[in-house]
Every structure is written in structure tokens, then in C-alpha cells.
Amino acid sequence: MRENWFLFFIHMTGTCAVFYIFFLYRMLGAGDIKLMALCVGILGITDGSFVLFLGFLCASAEALWRLGKRGILWSRLPGLAAFVIQSGRDRKIREYPGRTDPCGSLRLGPHLFLGYCAFLLLFR
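For the sequence shown, this note's numbering gives the first residue as 735, with consecutive numbering after it.
Treat the hints as calculated values from the structure; they're not laboratory data.
Please note that the accuracy of each hint is not assured.
Claimed, not checked - Here are the simulated distance ranges between beta carbons:
(1) Arg760 with Ser794: 16 to 24 Å
(2) Asn738 with Pro812: 45 to 53 Å
(3) Ile819 with Lys768: 14 to 22 Å
Just so we're clear, the structure is a prediction, and the values are computed from it rather than from any experiment.
Cβ atoms here follow ideal geometry from the backbone N, Cα and C, with glycine treated the same way.
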């Protein structure tokens, strides 16, 4: 029993450490990171990572749908490419310039829930 709590704590701490850099650059909120850490802590590294992947996949699909619906998908892609290239060239992560758009923020919690539901439907 003590071993299970220790693994739970290690998995949660590791997940928080991995995603903390995204919090520092305002790409993720603290609540999102705590929810992801809880998923990985309870499900384990393999299953938890797969749930996170499915949740991120759902979130990216909604983000692409929103941008397409607003008609700005193709105009935002060159800016994203320039941001990635500049960050790689400078070897420094910066805040994404498009994050201040009030319509552009996504709540990650519901997408993680959808990822968990998809995981249960596909693999349990």
C-alpha cells in the first residue's frame, strides 16, 4: 500500500515538472497541469500519457475547427511557423504572440475528459 502512494506521488510530481515550463510561458494553466498530473498519477505513466495524448488531440481538433470557422486558419499558420523557427534559432522559448486573443483560449479540462472517455471506450 505504501508503495502505491509513493508511485502516485512520483508520477504526479514528474508530470508537474514536465509541464511546468509550459505554465511559465503561459501556454497552460496551473489547473490544467494539476489535472494532467492527477490523470498520470492514477492511471500510471503509460495509460496516463495516452489519455493526455487523446485529450491534446481533441483540443487540437477543436482549435483547428475554431480557426477554420473564423476563416483565419491559413493566415495564422505562417505566423506559427515563424514563431517556431525563431524560437528554435534563438534557442529560447517565448510567449506565443497569438495567446492574447480572447476567442483563442481553450479549456483543456473537458478535452482531457474526452480523452479519458475515448481511452475507456477503446482500451477497457
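Notebook entry, point to check: Between Ile819 and Lys768, is the Cβ distance one that fits in 14 to 22 Å?
Noted result: Given a distance of about 32 Å, which is not inside 14 to 22 Å, the answer is violated.
Notebook entry, point to check: If you check the beta carbons of Asn738 and Pro812, does the distance land in 45 to 53 Å?
Noted result: Distance hint for Asn738, Pro812 holds at roughly 49 Å.
Note to self: 16 to 24 Å was suggested as the range; check whether the CB atoms of Arg760 and Ser794 agree with it.
What the structure shows: holds, 18 Å
The structure is inconsistent with hint 3 alone, although it conforms to all the rest.
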